[in-house]
Amino acid sequence: MDEIQALAHGFVVALSLKNLALMFVGIVLGVIIGVLPGLGGANGVAILLPLTFSMAQSPGGTTSAIILLSCIYWGALFGGAITSILFNIPGEPWSVATTFDGYPLAQQGRAGSALTAAFTSSFVGALVAVIVITFLSPVVAKFALEFGPPEFFSVYLLTFCAFVGMSKEPPFKTLASMMLGFALAAVGTDPVTGTLRLTFGTEKLLNGFDFLVAVIGLFGIGEILLTLEEGLEFKGANAKINMRVVLDTWKELPRYWMTSLRASAVGVFMGIVPGGATPASFMSYGVARRFSANGEKFGTGQVEGVVAPETAAHAAGTSALLPMLTLGVPGSPTAAVLLGGLLIWGLQPGPLLFVEQKDFVWGLIASMYLGNIAGLIVVLTCVPLFAAILRIPFSVIAPVIIVICAIGSYTVHNSIFDVWMMMVFGVAGYAFKKLSYPLAPLVLAIVLGDRAEASFRQAMLVSQGDLTVFFSNGLVGTMTGLALALLFWPLVSWAFSRFRASA
Amino acid sequence: MSPQQGDRPAFGQKSAEIAVAAVFLLLGGIVVFDSIRLGARWDEDGPQAGYFPFYIGLLVCIASVVNLIHAWIGKKDAGRVFVGVTQLKMVLAVLVPASIYVALIVWTGIYAASVVFIAFFMRWLGKYAWWKVGAVSVGTMVVFFLIFESWFKVPLPKGPLENLLGLG
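Protein chains in written order, with numbering that gives the first Met the number 0: chain A, 0 to 502; chain B, 0 to 167.
Bear in mind the hints are in silico, worked out from the structure with no lab data behind them.
Everything numeric in this text was worked out from a predicted model, so none of it was measured.
From the three backbone atoms N, C-alpha and C, an ideal C-beta is built for every residue, glycine too.
A few of these clues could be false.
Unchecked claim - Covered stretches of chain B (chain A as the covering partner; in silico rule of three or more C-beta atoms under 8 Å from a C-beta of chain A):
#1 72–81
#2 89–102
#3 109–117
Said to hold, decoys possible - From the structure, some residues in chain B lie toward chain A, with a derived Cβ separation under 7 Å:
#4 Pro46
#5 Ala62
#6 Val65
#7 Gln86
The following block holds chain B by itself, in its conformation from the complex (with noise of 0.2 Å):
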């Protein structure tokens, strides 16, 4: 995963295992919380519901601590790029898409939506000619749909475009 020659850095190894130990305490203190809240105590009749997560929570504290420590005062990250200028643009460029195509599954169902996610990415990315686009993105989700409704019997979200066609 070594980044590209002439990649400027977009983020360094350091402050992205400073980020990620971070969160993970955040996380662990949450449920800390939480335990504490539910009661993480010896009860009469035994061990209260917050009594395993508590020492879960715990224990994810403690090691991210120790992750957090390592991060910030250890020397063989520094200088080490996490990712490239270059890279997470690809990433992102994959990454942006798909959450609008999630948003976009509540309001057209998920084939039209696929569908329109396949057309942009290879139109976009792949430079592909329409017609391919086309036949790929449709082609797929009609296999897709024979599979799903027709052989598993799996309903999938359906929006407007289904329900037009008489297949909702």
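So here's chain A without its partners, still in its complex pose (with noise of 0.2 Å):
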């Protein structure tokens, strides 16, 4: 078992007193970004990320890094249950579905149980995620060595069509947005040719439009934005965690564990494809209401209601990290920045960073055994603190964090004309928000834009021009194909219900 060995060796990188120490700081800090409005995984990663760069260039600094920043993934999870349950204000969008029955299950002052059940569910689909990118990543590693260029195009156009047929907004919506995603990241200078593209004569375009401005635009200042709308009072129920309520939850808890099983397996699965944590946890509840013998009760403060979607966002906010790491194709919008910050550290994604970075990989695999870990301790020890973040009245915590996110803004490139165009796409986000353009293809597009480009010109210089070079061999032919018909796939159940309404 080479997987066993490889992560033995990456549980003493992680195990390093400095690495730990990241790690606490980490979740802590993904928990408070988690349950502040306005700062989410992944723009509370964007904002941080600059203050890697430094850490990055030491001897083993990017895998102190990269736990850090995953760590504050792993946390912004955990947080997000919290608003949810005791304020019904969903931290993370993720965290919707556990709203249905967290919020219900606070009112009945049920609150300790319900936060309990759902941070041991997070983190029994973390740890099922995890244990999956142990063994499968790997091999999907080894596997995806053997791409080529079409290959690697075919993987982008999959991650993409995929976003277009299985988002729940208007697939043309979809499609707007992500297409300017491709556009922003089309911005500067032609990695191939060098020429100049889309600047317009500026030199502030000189260098494109930087994803992380962009992310804490979109997520950060245009949540603020549709945070601020509904008035400046949150109310909350109570949060008090002691050790009986936790063992009394953790005794029900067994009873649900095909829940839990089936929770899992949604979210992992939803997670490598890039569908997000989002619809996972939605369509886990709904499956779990399906199935479970008190599926009309649902909604009414139900235990198993903040299992099954807790779980599978956990999973797939997890899993997420599996094509990030093997194929350079994140998962999720917090996985994208990731996949930014490695490319900013220097590092390239994708296949070979399983034979060149070994160091960097399994000291992270083993960090997100020990970071769910650590974060189910920090949550369920320190619940009334996070809740307290939650008492500060919007009108002192809304200027803080326009702050912070002005800050993260500048400190990516030190300029001042990032933190304008942050402010841009803080309206941009807003709009979009409010008129359901989803936000998670833009970001992908714009970190991606610039690998899917090249991918497909190295794949149209060796075919000369012939686009059947996607269809050449099974592999690539099957991937594209897929693709094909995912992004048709609305068309096609619109036009089947068009015709079951005549028929």
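Two independent chains are provided; combine them into the complex using the hints.
In structure tokens:
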């Protein structure tokens, strides 16, 4: 078992004092970020990424940096549940389904058991996903080592077509927002020929739009503006967790093992294909309601209704790192930001990572086990503290968050222009959210734009402009075919429903 | 995001849909235009610089035309409110000061501007006592100064005030 050996080595890397400390710092920061409106996994990581630039320079520094940032991600996943259950405000989009049963439980005075159930099932979901990553990613990476440019482009194509086919938003809005992302990525110097594109003579656009600034604006400022519409008041239930409630809930939880198992499967699957944590949590809630013996009581405060979405969301959020590490294709916006971080640190995400950067990969995977254990301990013991953050009035929190976002976008390139861009992206994010233009494909396209274009052009160079290269062998043909099927899926299902309605 | 009771509509859903789709169309048009200028065809040594962006721009245009038509003839948005007057006031109450704040950074550096911004916000929207306003705004920025300048060694823009204090 090579994987076990590699993993053991990873634990040696991750268990250094410095990395353990960073893990706890990351988790605590992550939970705070997850609890605060306007700060979430994606833009929290984006804001803190510039702080790791110097850290990543030292030997072994990239591993420490990824441990810090990925732990912020786990923390944010945990934190989303706190606001959903206590305040009925989903701190993160993937916690929306948690509010359905979590908030009623809190109103009945059972906030403690709801929180315990949410955290524990988050942990279970993440654990399943990490185990899958441990054993599946070396296989996928080895397989992907054989990939050439056409194969890589078809993977990108599959990723982006999956967004059109599987998102809840109208397909043409998804397409528009995704292609806008590609267009923004194309601004600046052409990576192949060095020609300036779409800069219109301004120096400011020489380096293009930075995805970090876009993420901070779209998710951070946009979210603040949306939250403000609802006014400045937050009202929440009290959070008290003591050991007895935790143990009582843990006694109850094994009853829902089937729900957990199903939710983990849905979550891991949705995380690997770029569906992401949000649809996974909804899907898992729906599946649990259909299969549960108490299905009709869902929505009135069932612990099982908290277990299902939380397990799936955490499983999906975690397994989104699998395609990021092995193929260089992130499964979620936060994974996309982490991928951008790897590129900035000078690492090439993709199958070669498993050959050339063993310490990094296995250190990260080991830290995922440890980070989630640390996360569970931190959230179970510190919930009242984190809930207290939400009691800070919004008129104090909002300006501080805007200042943090401004500092975050400034530090990316030390330029004020980026702070202005953040404001523009903020207004865009606000409008897009309200008109259901999805943000995830936009962000993924900005991050992956250059790489997708490069692999497309390399493939075209090899084939001398012949598009059939994307069907030239079984593997690439299957992926391209699947991508096209997903792309036209909305059309097919629309035609089908029309046909059924008229028949 | 439903507007509160009694809130007059500021923008309808339909006009917002049309406006955003039109902006998309404009951006797509710009991309197509510039790609053609660069050359979006096949050169002897491979695709030209505008080859890939040209099709991207084209797809933006196609998608936004569909969205535009949808918004124009669609009936489901009729009478729906995109944003109410009270809500819009709230949003602008953040957006306008935040823009002034970003403009201020150039003159005063990020620390002084942030203190003023947080203080203004707390006093104006939160109606806090002055001592609380001062403590939170100055305290936050001192913490940020320590984190960024001392701990992570990331220099942030500074202005005359920091120079006066000998920190610049």
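Status of the hints after comparison with the structure:
1. Given a C-beta distance limit of less than 8 Å, the hint that chain A covers the region 72–81 of chain B is violated, as 1 residues qualify and 3 are needed.
2. Residues of the region 89–102 of chain B with a Cβ under 8 Å from some Cβ of chain A number 9, which satisfies the need for three, so the listed coverage holds.
3. Counting residues of the region 109–117 of chain B whose beta-carbon sits less than 8 Å from any beta-carbon of chain A gives 4, enough to reach three: the coverage restraint holds.
4. Hint status for Pro46 of chain B: holds, given a least beta-carbon distance of 5 Å to chain A, under 7 Å.
5. The beta carbon of Ala62 of chain B is positioned within 7 Å of a beta carbon in chain A (closest approach about 4 Å), and the interface hint is therefore held.
6. Here the hint on Val65 of chain B is kept, as its CB sits about 4 Å from the closest CB of chain A, short of 7 Å.
7. Because the smallest distance between the Cβ of Gln86 of chain B and any Cβ of chain A comes to about 4 Å, under 7 Å, the interface hint for this residue holds.
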